[in-house]
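Got chain A sorted already, so can you dock chain B onto it with the hints?
Residues per chain, in single letters:
Protein chains: 2
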Amino acid sequence: MSAATGLDILDTLEVRTDDDLGSIRIVGTGLLGTSIGLGLARAGVRARLHDASPHALLLAHDLGAGDLGSGDRQDDPDLIVVATPPDVTAAVVVAELARYPNATVTDVASVKHSVLRELGEQRADLRRYVGGHPMAGRERSGPLGGRPDLFEGRAWVLCPAGPTDPARVEHVARLARRLGATPRTMTASQHDSAVAVVSHLPQVMASLVAARLNDAGPSVALAGQAVRDVTRVAASDPGLWVQILAANADPVADVLLALRADLDAVVAAIGALRGAGPISSADRAAARIALAGALTAGNAGRARLPGKHGDRPGAYEVVTVLVPDSPGALGVLFTAVARAGVNVEELSLESLPGNARGVLALSVLAPARAALEAVFDTCGWRTLS
Amino acid sequence: MSAATGLDILDTLEVRTDDDLGSIRIVGTGLLGTSIGLGLARAGVRARLHDASPHALLLAHDLGAGDLGSGDRQDDPDLIVVATPPDVTAAVVVAELARYPNATVTDVASVKHSVLRELGEQRADLRRYVGGHPMAGRERSGPLGGRPDLFEGRAWVLCPAGPTDPARVEHVARLARRLGATPRTMTASQHDSAVAVVSHLPQVMASLVAARLNDAGPSVALAGQAVRDVTRVAASDPGLWVQILAANADPVADVLLALRADLDAVVAAIGALRGAGPISSADRAAARIALAGALTAGNAGRARLPGKHGDRPGAYEVVTVLVPDSPGALGVLFTAVARAGVNVEELSLESLPGNARGVLALSVLAPARAALEAVFDTCGWRTLS
Numbered sequence: 027m028s029a030a031t032g033l034d035i036l037d038t039l040e041v042r043t044d045d046d047l048g049s050i051r052i053v054g055t056g057l058l059g060t061s062i063g064l065g066l067a068r069a070g071v072r073a074r075l076h077d078a079s080p081h082a083l084l085l086a087h088d089l090g091a092g093d094l095g096s097g098d099r100q101d102d103p104d105l106i107v108v109a110t111p112p113d114v115t116a117a118v119v120v121a122e123l124a125r126y127p128n129a130t131v132t133d134v135a136s137v138k139h140s141v142l143r144e145l146g147e148q149r150a151d152l153r154r155y156v157g158g159h160p161m162a163g164r165e166r167s168g169p170l171g172g173r174p175d176l177f178e179g180r181a182w183v184l185c186p187a188g189p190t191d192p193a194r195v196e197h198v199a200r201l202a203r204r205l206g207a208t209p210r211t212m213t214a215s216q217h218d219s220a221v222a223v224v225s226h227l228p229q230v231m232a233s234l235v236a237a238r239l240n241d242a243g244p245s246v247a248l249a250g251q252a253v254r255d256v257t258r259v260a261a262s263d264p265g266l267w268v269q270i271l272a273a274n275a276d277p278v279a280d281v282l283l284a285l286r287a288d289l290d291a292v293v294a295a296i297g298a299l300r301g302a303g304p305i306s307s308a309d310r311a312a313a314r315i316a317l318a319g320a321l322t323a324g325n326a327g328r329a330r331l332p333g334k335h336g337d338r339p340g341a342y343e344v345v346t347v348l349v350p351d352s353p354g355a356l357g358v359l360f361t362a363v364a365r366a367g368v369n370v371e372e373l374s375l376e377s378l379p380g381n382a383r384g385v386l387a388l389s390v391l392a393p394a395r396a397a398l399e400a401v402f403d404t405c406g407w408r409t410l411s
Numbered sequence: 027m028s029a030a031t032g033l034d035i036l037d038t039l040e041v042r043t044d045d046d047l048g049s050i051r052i053v054g055t056g057l058l059g060t061s062i063g064l065g066l067a068r069a070g071v072r073a074r075l076h077d078a079s080p081h082a083l084l085l086a087h088d089l090g091a092g093d094l095g096s097g098d099r100q101d102d103p104d105l106i107v108v109a110t111p112p113d114v115t116a117a118v119v120v121a122e123l124a125r126y127p128n129a130t131v132t133d134v135a136s137v138k139h140s141v142l143r144e145l146g147e148q149r150a151d152l153r154r155y156v157g158g159h160p161m162a163g164r165e166r167s168g169p170l171g172g173r174p175d176l177f178e179g180r181a182w183v184l185c186p187a188g189p190t191d192p193a194r195v196e197h198v199a200r201l202a203r204r205l206g207a208t209p210r211t212m213t214a215s216q217h218d219s220a221v222a223v224v225s226h227l228p229q230v231m232a233s234l235v236a237a238r239l240n241d242a243g244p245s246v247a248l249a250g251q252a253v254r255d256v257t258r259v260a261a262s263d264p265g266l267w268v269q270i271l272a273a274n275a276d277p278v279a280d281v282l283l284a285l286r287a288d289l290d291a292v293v294a295a296i297g298a299l300r301g302a303g304p305i306s307s308a309d310r311a312a313a314r315i316a317l318a319g320a321l322t323a324g325n326a327g328r329a330r331l332p333g334k335h336g337d338r339p340g341a342y343e344v345v346t347v348l349v350p351d352s353p354g355a356l357g358v359l360f361t362a363v364a365r366a367g368v369n370v371e372e373l374s375l376e377s378l379p380g381n382a383r384g385v386l387a388l389s390v391l392a393p394a395r396a397a398l399e400a401v402f403d404t405c406g407w408r409t410l411s
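These protein sequence lines are chains A and B, in that order.
Each number in this note's numbering corresponds to the 1-based position in the first sequence with 26 added.
Each number in this note's numbering corresponds to the 1-based position in the second sequence with 26 added.
Bound-form chain A, shown alone (with noise of 0.2 Å):
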């Protein structure tokens, strides 16, 4: 792409760039707009940008997210993204729906079910809207937390309601392929309940977490890298929370009470094995099942976890192997690798600062586990198990 000048110009590249996916209007130019524009820009498709802040459009608009229109109307564009926040998000779809007669209407709220339910009740036209939501964000917002790979790998879920056109669901899944996303297509219910539980929850408890460090005094200078994490997505925008919660009233509090009820079988175990009175050795023992259930049951969730972009769990196995001290071993590692026609999925290294010595752990699809210890075998490197 060479850098653009004329708007004529645009106009006819924008249409004729990518005859796939048509001219494409982004509505709000926060993290998630201004990185569907950086990344349709990286794919050779120019968007055309528009947002309530002339501020945040103009910033989006400098970090090559897309062309500014001419004044709020856009000529019939065929694909329009609102990726505005999601109070006002039913809002704006009812809008561009029938100011663009002829456009597909997706957006990108968080919550599909509430969105749904207010577009029927302005009688929007729903043939021609798919609800949207790419699973990806990150705790920074505005444009410029945007970036063009932030869909790359993470799913993008489409909730077409009854009369929505198969094509336009089409047309939307051709979207979220171009940005690197995965479309999967599921009922706005199902995913609001979904995200209640990968989402929602955590985000809450997350809060819960570090709110507790507020009555801590200088216990803090003791925090790990454990609290830092589950913490981490505590420094989200209040704000925007609020809106996500409310709209997900229904099954964000069934799995806030289903896990109030976990921990009231904690705090009693625990309570149970306070310092305060006698206790029995049977109830010690009942306790410390009680917790250990509590612990097991955690772990089991934490593995049905999939593998860090897939689907498969199970299907790679990790081999760890101890990288020697020698200059460029790495280079000579995966020279070897790739010889051997291993794939390597995911790795990691953790090298032992002072020396050059690491400790590297690749994950490749289980029938490939042998040949890649062979390689290891020939390269006389020590496998642990």
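Hints are computed from structural coordinates only; laboratory data are not their basis.
Certain hints may be false.
[Claimed, not checked] Heads up, incomplete: computed chain A residues facing chain B, CB under 8 Å, no partners named:
| # | residue |
| --- | --- |
| 1 | L271 |
| 2 | L289 |
| 3 | D309 |
| 4 | A312 |
[As the list claims (entries may be wrong)] Pair by pair, the computed Cβ-Cβ distance ranges are:
| # | chain 1 | residue 1 | chain 2 | residue 2 | range |
| --- | --- | --- | --- | --- | --- |
| 5 | B | A117 | A | D263 | 35 to 43 Å |
| 6 | A | P393 | B | D263 | 29 to 37 Å |
| 7 | B | A121 | A | D263 | 22 to 30 Å |
| 8 | B | E343 | A | D102 | 20 to 28 Å |
| 9 | A | R68 | B | E399 | 51 to 59 Å |
| 10 | A | R68 | B | D88 | 45 to 53 Å |
| 11 | B | T211 | A | D403 | 45 to 53 Å |
[Claimed, not checked] Covered stretches of chain A (in silico footprint by chain B; criterion: 3 or more residues with CB under 8 Å from a CB of chain B, positions within the stretch not fixed):
| # | segment |
| --- | --- |
| 12 | 173-184 |
| 13 | 187-201 |
| 14 | 223-236 |
| 15 | 254-265 |
| 16 | 275-283 |
| 17 | 359-368 |
Every residue, glycine too, gets a C-beta built ideally from N, C-alpha and C.
Relative to chain A, chain B alone:
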């Protein structure tokens, strides 16, 4: 350090290489004992290792954590580090104090008051005992998880009791400093209250959030980074954590009850926003304010955490690059990196399913960043911001 062959020589070395610390005996070669041995070895001090498990002992020795004693007995160590599981720590400390009547004895158990109470009951020689707790760990256990830099930049809590000889406290403080940690002195009760908030609470809540994934069905496919971070420590060993939570029941119960009160307020607010019944606009506003309050308290608590390693934030920088879809790409890369003289401290690769591309993140010391970026540039690889 050259590999040593004779125990006589080692005995001599052991005493003479570091007259600050004297000869050191490490009892228990799991994650922490092995890491202490590795860190000391790097600093030129060879410890003598002991473990009830011959397998763990030999593994720690093979990894370079220290020397094997000739049998269980060792001639007059000056400093003994008890790094056993917490439920036997007090008993092992009692035995070591009795067996070696001149040695300073410390431990690394993550709860301090219960150990001290048991030592008092056993009438142990508290003048020579210094309770310790290095604020470092990993979800991985065992010698293979050991790292010489595990304690660098971390706090190492020391909890002298009333009778403890100040010279013994200084002895253990020298050990902590030698391993790169910062000694912090406090009472056992102060320590136990602090870790209830910054360590034990996050562990319990991570487990409870992870446990909710067991009922989530295929929803886990939508998991993003937030739930991964919140639940990372849920992979920890339940057996170890039952011991820790039981040993610290009083402070843990207090902080869990405080969190439950906050959770009840959130549950009430979300409940008020549910779709079931009509709600007045005043009640709706009150519910939203309650949610915003919980989330804002989380922001404030999160902001109280000190920088990542406490002392030296920003020493490392991460360079992220898109690995091209070509055979042997990693081999080419690491050969070029080695040739440029760049030392990679840590790296991680996330592959993008369906093709051989991936996102590679490399941590390097800040001054090496430019050299690394130049390598990528030369290779024609795209660095991500």
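Hint by hint, here is what the structure shows:
| no. | hint | result |
| --- | --- | --- |
| 1 | L271 | holds, 6 Å |
| 2 | L289 | holds, 6 Å |
| 3 | D309 | violated, 12 Å |
| 4 | A312 | violated, 12 Å |
| 5 | A117/B to D263/A: 35 to 43 Å | violated, 51 Å |
| 6 | P393/A to D263/B: 29 to 37 Å | holds, 30 Å |
| 7 | A121/B to D263/A: 22 to 30 Å | violated, 55 Å |
| 8 | E343/B to D102/A: 20 to 28 Å | violated, 46 Å |
| 9 | R68/A to E399/B: 51 to 59 Å | violated, 19 Å |
| 10 | R68/A to D88/B: 45 to 53 Å | holds, 48 Å |
| 11 | T211/B to D403/A: 45 to 53 Å | holds, 50 Å |
| 12 | 173-184 | holds (count 7) |
| 13 | 187-201 | violated (count 0) |
| 14 | 223-236 | holds (count 13) |
| 15 | 254-265 | holds (count 11) |
| 16 | 275-283 | holds (count 7) |
| 17 | 359-368 | holds (count 7) |
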